[in-house]
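Those protein sequence lines, which keep their order, are chains A and B. Under the working numbering, the first residue of the first sequence is numbered 8, with each subsequent residue one higher. Under the working numbering, the first residue of the second sequence is numbered 1328, with each subsequent residue one higher.
Some hints could be false.
[To be verified] Under the rule of at most 20 Å between Cα atoms (straight-line distance), these lysine-lysine pairs were calculated in the PhoX-like manner: (1) A:Lys77 / A:Lys64; (2) B:Lys1395 / B:Lys1330; (3) A:Lys16 / B:Lys1368; (4) B:Lys1395 / B:Lys1383; (5) B:Lys1368 / A:Lys64; (6) A:Lys64 / A:Lys78; (7) B:Lys1383 / A:Lys78; (8) A:Lys64 / B:Lys1395; (9) B:Lys1330 / B:Lys1424.
These are computed hints drawn from the structure, not numbers from a lab.
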Amino acid sequence: NAGVTQTPKFRVLKTGQSMTLLCAQDMNHEYMYWYRQDPGMGLRLIHYSVGEGTTAKGEVPDGYNVSRLKKQNFLLGLESAAPSQTSVYFCASSYLQLGAGNIQYFGAGTRLSVL
Amino acid sequence: ELKVEQNPLFLSMQEGKNYTIYCNYSTTSDRLYWYRQDPGKSLESLFVLLSNGAVKQEGRLMASLDTKARLSTLHITAAVHDLSATYFCAVTITASKLTFGTGTRLQVTL
Chain A
8 NAGVTQTPKF RVLKTGQSMT LLCAQDMNHE YMYWYRQDPG MGLRLIHYSV GEGTTAKGEV
68 PDGYNVSRLK KQNFLLGLES AAPSQTSVYF CASSYLQLGA GNIQYFGAGT RLSVL
Chain B
1328 ELKVEQNPLF LSMQEGKNYT IYCNYSTTSD RLYWYRQDPG KSLESLFVLL SNGAVKQEGR
1388 LMASLDTKAR LSTLHITAAV HDLSATYFCA VTITASKLTF GTGTRLQVTL
């Protein structure tokens, strides 16, 4: 089982460049999420999706866009990268489980540096 | 706005000792999650606590939830080096979103 797969694992960008991070899950989960992790700040939600074709803003959405055209994929785009977007990005997926809440399953992360 | 605070942020403890990590949250919720993250790795689910008074245990870790106090604890019994990691609590007030604490980095030394 692949679970949640993130592509790429590492990337270095110059300020102003654009890129797309891809998240793919093979668990047929309805919900998908993008987080960023910065030292001393835990995980902060960027955008999320509660189903194919839907997206919603999280805590820190500025500078990012997302799309969920297929249930298994959730894309995170940076249109014009800034040094403040240097971070580790995690994708997660989940479904609501009766009696078990909303356990999220995480990908391995993408380490992004913006110079 | 939901705020989730953990303390301590960093904990260095000797093998064999006991300690407790605290997770406080600001808004009523009856669903709390604990995750573990090894250095440079992803997050793995440890416990799900779904009601007031819930207690879950696995190995040397035990988690509990007091929804009236808006407090969860993660108790470590007789720590071993393999428990060295960062531990996060997360709280939900809507079914689909989690808010994470800042994490507690645990270092177990010989």
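Outcome of the hint check:
At roughly 18 Å between alpha-carbon atoms, lysine 77 (chain A) and lysine 64 (chain A) fall within 20 Å of each other, so this suggested pair holds. For the hint linking lysine 1395 (chain B) to lysine 1330 (chain B), the alpha-carbon distance of about 16 Å falls within 20 Å, and the restraint holds. With a CA separation close to 11 Å, the supplied pair lysine 16 (chain A) and lysine 1368 (chain B) stays within the 20 Å bound. At most 20 Å may separate the alpha-carbon atoms for a hinted pair to count; lysine 1395 (chain B) and lysine 1383 (chain B) meet this at roughly 18 Å.
For the proposed pair lysine 1368 (chain B) and lysine 64 (chain A), the alpha carbon gap of about 26 Å is over 20 Å, so the pair is violated. Restraint check for lysine 64 (chain A) and lysine 78 (chain A): satisfied, since their Cα atoms lie roughly 18 Å apart, inside the 20 Å limit. About 33 Å separates the Cα atoms of lysine 1383 (chain B) and lysine 78 (chain A), which puts this hinted pair outside 20 Å; it is violated. A threshold of 20 Å between alpha carbons decides the hint, and for lysine 64 (chain A) with lysine 1395 (chain B) the separation of about 30 Å lies outside it, so the pair is violated.
With a CA separation close to 13 Å, the supplied pair lysine 1330 (chain B) and lysine 1424 (chain B) stays within the 20 Å bound.
Checked against the numbered hints given earlier, this structure breaks hints 5, 7, 8; the rest are met.
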